[in-house]
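Everything in the sequence shown is counted per our numbering, starting at 235 for the first residue and increasing by one.
There's no promise every hint is true.
Claimed, not checked - Heads up, simulated DMTMM-like pairs for lysine to aspartate or glutamate below, C-alpha to C-alpha not over 20 Å straight-line: (1) Lys237 / Asp302; (2) Lys261 / Asp249; (3) Lys237 / Asp329; (4) Lys347 / Asp317.
Hints in this document: simulated from the structure, not taken from any laboratory.
What you are looking at is a predicted structure, and each value in this text was computed from that prediction instead of being measured.
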Amino acid sequence: ESKSGKPRFVPLNGDGVGLFADLASVKALSSPLLLRSDGKPWGRCHQIRRIREACDRAGIDPPISFHDLRHSYASLLVQSGVDLRVVADLLGHADTRMTMRHYAHLNDEIRRKAIDQLPSIFTGRLA
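Full structure from sequences and hints, please.
Encoded structure:
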């Protein structure tokens, strides 16, 4: 569900589909797939605590947040050359404006790197 309360479709790769299929195969349809060790559903505070604990163990300071993970995901997609419309859709943005505002500069970096990688066939010819 999105921030606005609308249902969201979240595509998964084969590994993700397999994980959720395995979890669903041992759960009742009405019960949550992911539960804490005490059998209760995960709340937001429990998720944040687990990430902070993992960051502490890994020596990551300050600890990362879910937003950091989302931003990294989007940045990696953009840097890999994924079209901004696709990135916007995967992030649940209604259109590309929000995506452009936060990630368009990465496209500029990709363009610059592509230009830098061009063979220097004109070196010495243009002066």
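Regarding the pair Lys237 and Asp302, is the alpha-carbon distance no greater than 20 Å?
holds (17 Å)
Regarding the pair Lys347 and Asp317, is the alpha-carbon distance no greater than 20 Å?
holds (17 Å)
Given hint Asp249 paired with Lys261 - CA-CA distance at most 20 Å
holds (19 Å)
Need the status of pair Lys237, Asp329: alpha-carbon distance at most 20 Å?
holds (15 Å)
Hint compliance for this structure: every hint is met.
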